[in-house]
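Colleague: Listed below, chain by chain, are the residues.
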Amino acid sequence: MKIFKVDKQDWVAGVEKLFTAYRLVGPVNEGQFHNFKKLNKGELPDFNFLNTRLSAKSLVHSQTEAMFEYSLDENKENHHIMVDVKKDYSSQAVIGIRPCDAKAFLLVKRNFDTSQYRDPYWIRAYESLTLVGLACHNPCSSCFCTTSGCGPFHEEGLDVLLVDTDDYYLAKILTDKGKNFLIASGWDTETDADGGDQKIEIMKKAAEEKITVLINTDKLKAKETIALYDAEFWEEVAFSCINCGTCTYVCPTCWCFDIQDETRGKSGIRMRNWDSCMFPLFTLHGSGHNPRGKKVQRVRQRFMHKLKYYVEKYDNGIQCVGCGRCVNLCPVNIDIRRVCELMNAYDPQLECPA
Amino acid sequence: MIDYSEKIKEISKRLLEEGRVDIVIGFKKGTVPMMNEPCLVKSSGEVEKFVWDSNCGINLANYLTGRNEKTGIVAKGCDSRNIVTHIIENKIKREQLYIIGVPCKGMIDKHRVAAMFDGEIKVVDEKDAKIIIKGENFEKTLDKESILQSNCSICIHRNPVLNDELVADPVEEQRDVDRYEDVRKIETMKPQEKWQYFEDMLKPCIRCYACRNACPLCYCPTCFVDEHRPQWVGKSQDPTDLRTFHFLRAYHCAGRCTDCGACERACPVGIPVRQFTKKLEKDCLELFNWEAGMSLDVRPPLDTFRPDDPDDFIK
Amino acid sequence: MEHMGIESGRLQFSWVSSAESTKFVDVVKEVTEAIKALGPNYSFAKTQAKVA
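Protein chains in written order, with our numbering: chain A, 546 to 899; chain B, 56 to 370; chain C, 5 to 56.
Isolated chain A (complex conformation) (with noise of 0.2 Å):
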């Protein structure tokens, strides 16, 4: 893999440049947060942030995202029927996205990117992406990602992995899209593969060991998953929940949107709008049953959708890259880190002593 070395002087003129080829997307400071945001020509992402307050899944998965439209006016040609809504998938490149980020991309991907069905608006703008990674050199103590299959340095899901060494930038290009990428911003200083390798592996170990906090998740999958469904202390976790639907929309691998028609006069629109497992209505049928009508049934289907039946479904981890973003943003602080300890040692025999 090429290393390119960047100078801090030859940013600005290299941004400049990538406005040709791509719609440039960044972190851009809002006040109290940053957020990703589309860059304006002149504008740079501003790379003085630990995280975004919200993920990057809005890139690809909008809050509020049209699919189609209609007319109910049978004067026009196409009435009653639901057209494409036109998007603009042109390529788009995310400047300093976070490695956690680009590797939620992938885990959701497992679910709307599979053999029999494929999610074309989300496949689209996913495909559209080119991700430039920036490596985390302060992970803050609510991050976990070394222990949930990711990493401050990590790699899967980026493009290119932008490394700040305070001098100036290496640039390791990961993928042709990556390459593609360094080729529009003119930044071509190869530097010495060895030698720039050795120093991102060292920056990478420094930042890891800044990771305190580890989970465990050896024994989710052997866990018997009525056991765990069962397990008393879904209670005590639930408690304090105010059932909002704040850790699911902050998170970056939660995948779940809700469809609604929205006719005004003649003409609609069909959209679809996250949702949130919290939320009563996410489960209510139209006879007025609800499956999930506790607030303890709702809050066990968070954990144990990431932390259990994806573990099961897909064989590949968890559903969580450890970003921090739940437990930090919780109004009431409901800490998943400790939930997966609760589940991951959890043993029925133990609980219930006959």
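Don't take each hint at face value.
[Claimed, not checked] Below, in silico cross-link-like pairs of lysine-lysine (DSS-like), each with a Cα-Cα straight-line distance of 27 Å or less:
| # | chain 1 | residue 1 | chain 2 | residue 2 |
| --- | --- | --- | --- | --- |
| 1 | C | Lys50 | A | Lys583 |
| 2 | A | Lys562 | A | Lys550 |
| 3 | C | Lys40 | B | Lys370 |
| 4 | A | Lys840 | B | Lys125 |
| 5 | B | Lys189 | A | Lys749 |
| 6 | B | Lys83 | A | Lys840 |
| 7 | B | Lys337 | B | Lys245 |
| 8 | B | Lys148 | A | Lys839 |
| 9 | C | Lys50 | A | Lys582 |
| 10 | A | Lys744 | A | Lys553 |
| 11 | C | Lys40 | B | Lys249 |
| 12 | A | Lys632 | C | Lys50 |
| 13 | B | Lys189 | A | Lys750 |
| 14 | A | Lys631 | A | Lys582 |
| 15 | B | Lys245 | C | Lys50 |
| 16 | B | Lys148 | B | Lys62 |
| 17 | A | Lys631 | C | Lys50 |
| 18 | A | Lys562 | A | Lys586 |
| 19 | A | Lys550 | A | Lys586 |
| 20 | B | Lys146 | B | Lys97 |
| 21 | B | Lys62 | B | Lys97 |
| 22 | A | Lys839 | B | Lys104 |
| 23 | B | Lys185 | B | Lys104 |
| 24 | B | Lys83 | B | Lys185 |
| 25 | B | Lys104 | B | Lys84 |
| 26 | A | Lys583 | B | Lys258 |
| 27 | B | Lys245 | C | Lys40 |
| 28 | B | Lys240 | B | Lys337 |
| 29 | A | Lys755 | B | Lys195 |
| 30 | B | Lys177 | A | Lys749 |
| 31 | B | Lys97 | A | Lys839 |
| 32 | A | Lys755 | B | Lys84 |
| 33 | A | Lys583 | A | Lys654 |
| 34 | C | Lys27 | C | Lys40 |
| 35 | A | Lys621 | A | Lys632 |
| 36 | A | Lys840 | B | Lys97 |
| 37 | A | Lys840 | B | Lys146 |
| 38 | B | Lys160 | B | Lys185 |
| 39 | A | Lys839 | B | Lys84 |
Please keep in mind that the hints were generated in silico from the structure rather than gathered at the bench.
We have chain A; now place chains B and C onto it with these hints.
Modeller: Chains B and C in isolation, oriented as in the chain A frame:
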């Protein structure tokens, strides 16, 4: 304030052992700085969990809805006013409750503190009226007064209005507080400016409903935004629908809101949602001389008719 | 309503008995005139949902 913890443990232990209550609702130490988690304790052996410091901003009255056990509950001033509201609205019976009152000197504003520092805040300690904030490359000691939640800094009912036992002597109430400076500022704006002010304020909203769900007043079995037959509000991020949610939610709190600040504290994107409810609170005070949750014996203004109710708005 | 930016006068209240037909007519006239003078309302009026 830290020594409140010991007192809370002691009282809870006694109540549980004597069988006065079946459960006690309080706070346990959080896993991240400036956060504590509401928790429920069922036996005297568990009371060691309980903690009290300046990070107990969530309103515990929220956890009373639908409970039928004999319940002990730790309550600061605003919590106690919401408990009164719960009793008045027949959500819980006074006899069921044993209120462990906490005279409160305010909670720290985690949003504001986090925004004050560039790096991550790793530890937040408190000693007397000082808050010590530590990160990787910084340490700073601040006066607690200066980093209070904005609702706490203008609070005039810090002591529980209803309690069975206090954990400490009442604290001195703040006097001569101008509670509505911000509301008056909005009142002087032109309609278009007002509209824009709230439009900008709501921009970051992700409609997670944390503000609604953290609120002890929001206990409806099905919220109007969740109704779908008929569906009152669209479910997308359309600005009109977002505004409808916030605006109507505030309306449902008219004459009931105690300005506990749980909504603002809960918001993951830092929206000052109290700007909606505070106007209604101010109106209730000015028009009906009413403050919510102050007494079990007076019915709320929207619940009663008096011949001298203001009616100038009716032509 | 006014507090969040709807012009005063767009929302009006009146108490009209079923026996007060003249008052009813007057009120309707007054209100329509006042609203027409304000012009169309663009705030808090939803057209097609604005979505991505």
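Colleague: State for each hint whether it applies.
Modeller: Do the hints match the structure? See the list:
Under the criterion of a C-alpha separation no larger than 27 Å, the hint pairing Lys50 (chain C) with Lys583 (chain A) is consistent with the structure, at around 26 Å. With a C-alpha separation of about 17 Å, the suggested pairing of Lys562 (chain A) with Lys550 (chain A) holds against the 27 Å cut-off. Only pairs whose Cα atoms come within 27 Å are accepted, and Lys40 (chain C) paired with Lys370 (chain B) is accepted, the gap being roughly 18 Å. Proposed proximity of Lys840 (chain A) and Lys125 (chain B) is supported: the alpha carbons are some 21 Å apart, at most 27 Å.
Distance check on the hinted pair: Lys189 (chain B) and Lys749 (chain A) sit about 24 Å apart at the alpha-carbon level, within 27 Å; holds. Between the alpha carbons of Lys83 (chain B) and Lys840 (chain A) the distance comes to roughly 20 Å, so the proposed pair stays at or under 27 Å and holds. Taking the CA atoms of Lys337 (chain B) and Lys245 (chain B), the gap is about 19 Å. The hint holds against a cut of 27 Å. A distance of roughly 23 Å separates the Cα atoms of Lys148 (chain B) and Lys839 (chain A); the hinted pair therefore holds under the 27 Å criterion.
A C-alpha spacing of about 25 Å is found between Lys50 (chain C) and Lys582 (chain A), which places the hinted pair at or below 27 Å, so the restraint holds. At roughly 17 Å between alpha-carbon atoms, Lys744 (chain A) and Lys553 (chain A) fall within 27 Å of each other, so this suggested pair holds. Of the supplied pair hints, the one linking Lys40 (chain C) and Lys249 (chain B) holds, its CA atoms being roughly 22 Å apart against a limit of 27 Å. For the given pair, Lys632 (chain A) sits about 23 Å from Lys50 (chain C) by alpha-carbon distance, which is consistent with the 27 Å threshold.
This hinted pair checks out: Lys189 (chain B) and Lys750 (chain A) have alpha carbons roughly 24 Å apart, not beyond 27 Å. The suggested pairing of Lys631 (chain A) with Lys582 (chain A) holds, with an alpha-carbon distance near 21 Å, which does not exceed 27 Å. Taken as a hint, the Lys245 (chain B) and Lys50 (chain C) pair is honoured in the structure, with Cα atoms around 22 Å apart against an allowance of 27 Å. Proximity of Lys148 (chain B) to Lys62 (chain B) is assessed by CA-CA distance (about 25 Å); at most 27 Å being required, the pair is judged to hold.
Taken as a hint, the Lys631 (chain A) and Lys50 (chain C) pair is honoured in the structure, with Cα atoms around 22 Å apart against an allowance of 27 Å. Taking the CA atoms of Lys562 (chain A) and Lys586 (chain A), the gap is near 10 Å; set against the 27 Å cutoff, the hint holds. Proposed proximity of Lys550 (chain A) and Lys586 (chain A) is supported: the alpha carbons are some 24 Å apart, at most 27 Å. For the suggested pair Lys146 (chain B) and Lys97 (chain B), the alpha carbons sit about 21 Å apart, so the restraint of at most 27 Å is met.
Between Lys62 (chain B) and Lys97 (chain B), the direct Cα distance comes to roughly 18 Å. Compliance with the 27 Å bound is thereby established for this hinted pair. A hinted pair counts as satisfied when its Cα atoms are at most 27 Å apart, and Lys839 (chain A) with Lys104 (chain B) qualifies at roughly 26 Å. Taking the CA atoms of Lys185 (chain B) and Lys104 (chain B), the gap is near 24 Å; set against the 27 Å cutoff, the hint holds. Between Lys83 (chain B) and Lys185 (chain B) the CA atoms are separated by roughly 21 Å; this keeps the pair inside 27 Å, and the hint holds.
Taking the CA atoms of Lys104 (chain B) and Lys84 (chain B), the gap is about 7 Å. The hint holds against a cut of 27 Å. Taking the CA atoms of Lys583 (chain A) and Lys258 (chain B), the gap is near 16 Å; set against the 27 Å cutoff, the hint holds. Our distance criterion of 27 Å between C-alpha atoms is met by Lys245 (chain B) and Lys40 (chain C), whose separation comes to about 19 Å. Proximity of Lys240 (chain B) to Lys337 (chain B) is assessed by CA-CA distance (about 13 Å); at most 27 Å being required, the pair is judged to hold.
Distance restraint check for Lys755 (chain A) and Lys195 (chain B): the Cα-Cα separation of roughly 22 Å lies within the 27 Å cut-off, and the hinted pair is therefore satisfied. With a C-alpha separation of about 21 Å, the suggested pair Lys177 (chain B) and Lys749 (chain A) falls inside the 27 Å cut-off, and the hint holds. Simply put, Lys97 (chain B) and Lys839 (chain A) have alpha-carbon atoms about 20 Å apart, close enough for the 27 Å limit, and the pair holds. The straight-line distance between the Cα atoms of Lys755 (chain A) and Lys84 (chain B) is roughly 23 Å, inside the 27 Å bound, and the hint therefore holds.
Distance hint between Lys583 (chain A) and Lys654 (chain A) is fulfilled; the C-alpha atoms sit about 23 Å from each other, no more than 27 Å. Simply put, Lys27 (chain C) and Lys40 (chain C) have alpha-carbon atoms about 20 Å apart, close enough for the 27 Å limit, and the pair holds. With a C-alpha separation of about 22 Å, the suggested pairing of Lys621 (chain A) with Lys632 (chain A) holds against the 27 Å cut-off. Taking the CA atoms of Lys840 (chain A) and Lys97 (chain B), the gap is near 19 Å; set against the 27 Å cutoff, the hint holds.
This hinted pair checks out: Lys840 (chain A) and Lys146 (chain B) have alpha carbons roughly 18 Å apart, not beyond 27 Å. Restraint check: the Cα-Cα separation between Lys160 (chain B) and Lys185 (chain B) comes to about 12 Å, which is no more than 27 Å; the hinted pair holds. Among the hinted pairs, Lys839 (chain A) with Lys84 (chain B) is consistent with the structure: their alpha-carbon atoms are about 26 Å apart, no more than 27 Å.
In this structure, none of the earlier numbered hints is contradicted; all agree with it.
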